[in-house]
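Participant: Spelled out, the chains give:
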Amino acid sequence: MIRFELYKTLRGAGRDLTIQLEYQARDRGLLTVYGPSGAGKSTLLRMLAGLTVPDSGYIEVNGICWYDSRRGINLAPRQRRVGFVFQERSLFPHLSVRQNLAFGMEHRDPGAVNDILRALELDELGNAKPAFLSGGQRQRVELGRAILRNPALLLLDEPLSALDSGLRGRLQRLVLEFHRARDLHTILVSHDLPEIAALSERVIHLENGRIRQAGSPESVFFSHPLSGKVQFTGRVLAISREDILHVITVLAANTVIKVVVGEEQAAALSAGDAVIISSKAFNPLVSRITGDGEGGSEAGG
Amino acid sequence: MIDPGPLWLTLKLALVTTLILLGLGIPLASWLAYRRTRWKAVAEVFVSMPLVLPPSVIGFYLLLAFSPTTGLGRFLENSLGLRLAFSFPGLVIASVLYSLPFMVHPLQSGFASLPPQLREASYVLGKTRWQTLWRVLLPNMKPALLSGTVLSFAHTIGEFGVVLMIGGNIPGQTRVASIAIFDEVESMNYHSANLYALILFAVSFLILLVTYLVNHRITLLRQP
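Sequences listed follow chains A and B, in order. Residue numbers 1 to 301, in the numbering used here, belong to the letters of the first sequence in order. Residue numbers 1001 to 1224, in the numbering used here, belong to the letters of the second sequence in order.
Keep in mind that the hints are not guaranteed to be accurate.
[Unchecked claim] In silico DSSO-like cross-links for lysine-lysine, where the CA-CA straight-line distance does not exceed 30 Å: (1) K1142(B) to K1012(B); (2) K1127(B) to K129(A); (3) K1142(B) to K1127(B); (4) K1142(B) to K1040(B); (5) K1040(B) to K1127(B); (6) K1142(B) to K129(A).
[As the list claims (entries may be wrong)] Which residues of chain B face chain A? A few of them, derived with a C-beta cut under 7 Å, are: (7) E1120; (8) Y1123; (9) V1124; (10) P1139.
Please keep in mind that the hints were generated in silico from the structure rather than gathered at the bench. We treat Cβ as the ideally placed atom computed from N, Cα and C, and that holds for glycine.
So here's chain B without its partners, still in its complex pose (with noise of 0.2 Å):
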């Protein structure tokens, strides 16, 4: 039999990472799709970066950055006491940049696509920006809740490159499914890897399946 170790890190590597991602994503989505500046196409590229870079090269500059020999890893590590290379908040963070645009994507475009006249009819209602984003936003965005939080979830099982470069392979820390996948083929163990693909298969498809049927009846909800 495999060891359940390594799927259970990823559930909560998932999860934890989701959650970050949910309430990072939310003001970071709306400032993108309400506010006009010139800073917005620079955030959007930041964003989007993960997208087009190679994990590897996202890892080796988180890598650098917790490392206790750059400026930034010393002061994380001395004054903060954390040590973020090679340990599972270390996978977090990067999996959090790396997911970004998974849930900023989808939340930014459901934002866009609220008619105007909600927002400022909320405003006009009496109703701060918190109580709006609250009470009148997200509860109109559900599809795009939906999407952002299931594609990061589903994403980061499916991570492998930046936790390879900057989780290495311990167990228990940073041995995410994915990597003992690897590792299993690494030691010609053709069938515990097998097994271990076969889960996140499986796994990834039902998230994926139950996020599409869920947002195809909260589509056909809305008509009359």
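Next up, chain A with everything else stripped away, as it sits in the complex (with noise of 0.2 Å):
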């Protein structure tokens, strides 16, 4: 069981940002904490871990008090069995691998940093200094650290953004193994939908300090009403004149999309415009991208 409810203001150059969040659950569903930055995603990890004090609130895990601020109760961080996984890199440059990985623990156990060196595919590099090791490397160590401090809470804080796609999918299993294999509550920020709706049971979306959504991957983004449609938004990069057509050049995401819209339309568009692209009267075809980088099978059409 964990329940918070938390409230802090943040003074900001431009701004000031006002947290706002309550939150309880009964079982251990991994949550992912989504927003855009900014939101407080950061700073909501950091009240939990004790790193940062809220300005009033509570936070219950497990039964335990963390904090009450009516009680002026506070523990501090090395009190609260928190695994922590920050953004950025962490671990501690003088100590080797497997001193990193023992330096949460309260007792010696060389068999259990073994095992947790096996399980992250490290076992060669327990000696290596941090310096060393790349970057999907460090971020093993890291989690690691945190699951062998043995915490009632594991909080990763975009642990797995600077990864390319093959390590953060490797990267996600473990964090998901060690999540139901320790009987973790274990709260994730990330930005990735593929990853959220990968590994979360639950999902808090972040707005302002305050949650706009909480639910399943599920409710949060794809409660739209179901539709064939597809739709995608863009900025338009030109608008040109061919012969008797108007042709509109857009960027969505990562391509570059040509369209004809009507002379009308075409008048009221200018470079820079977002634009929402969409087909109503045909169903799209789907291809699953193979390994090699080749279209595969066709699933419609």
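With the hints as a guide, bring the two chains together.
Facilitator: Rendered as structure tokens:
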């Protein structure tokens, strides 16, 4: 069981941000916090870990009160049984991988360190210093170190954002394995929709310090009425006239698309405008992308 | 030949001063680097004052403070049995104050340049402030520790004005090498003065050379 209600005003250069959050969960489903940067996601994790003191509220994890402004309780980070994987590098540069992993353990247990080294596929790097590790290896050590702390609450602040998709998938599986095997409360901050869909059982959509939406990933992201309509947003790069047609060039994600539009529509648009492009008449073709980058079997048409 | 006494006394003074400064400078520098209070600016000014004040000013006020004619001096002498003016312990106190910025400034920038998440990771991993200081922060700021130690040591060796003001020139007690040089010159013993000066020059040169070489090595070792 995890419950918290937190209030905090952050003074910023441009404007103040007031964080106002209330959440509780009985079971241990993995929770993802999602939202634009500056919404208060990292501050939420820092308040839960005890690194930032809220203005008021309470935090309770598995029946133990970590923070309660009314009763004057505020446990130090070291008393909270938290595993924290930071967004920035936080491995201790002067210690080896093995020493980093064992740093937060309450009792010496070389066996447990060996087990985790094996689980993280880092068996041969136990004696290496962090400076000699790749980004993915470092993130795995950070995760292992947090796990060996034997936390009640695991906090992951966009730990996978800097990794390529292959590594990301492996680490996501590791997070999920640890989360299930060790019976943890896990809170993940992520921007990546596929990641959120693959990992989380619950999602909080945070905006301007407040919860805008909360629920299962399906209900938060896929709640629009189902239709076969293909729709995406983009930005107009250019508008040109070719013979009797008007053509607009739109950048959607990383793809440049040319679309024919009517004369009136062309006159109403200008370069830089945000537009929605949708198709309603035809069922789209869906092709799986295979490993070698060529189109695979078609699944519709 | 010259009397080696002043040289040994100089080394002893520099060693004792540096050790005390390490004990004092580490907590003070970490406080200055991490705390945000309105008192921080005042503390920083006090730490830096010896850099801008003439040594004679510090020496003069210390002499007043240590003198049995003032309240503090009387308290020290009557209650604690300490007579600090014109004594080695008095010299140590003066040197600690005078070399304070040379220890605190490198340490403070050492603390400030460590990424904050190292400290936070250590706290979250169950360590106290002291454990974090010893096991995470200090091991990762060896160049700053070395700079602070060496600069304090070398600066104490080179001290003159403060020592002259509060220490006088008592052989075996307060007659350090820099005072001995002045004394020999006053007595027209240029040869002896030259020997003292040469030895101080060589010692200071070697200490700084070793520091820069070691610091260079530490920096190189950190890069893969």
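Participant: Which numbered hints does this structure break?
Facilitator: When the structure is compared with the hints, none of them turns out to be violated.
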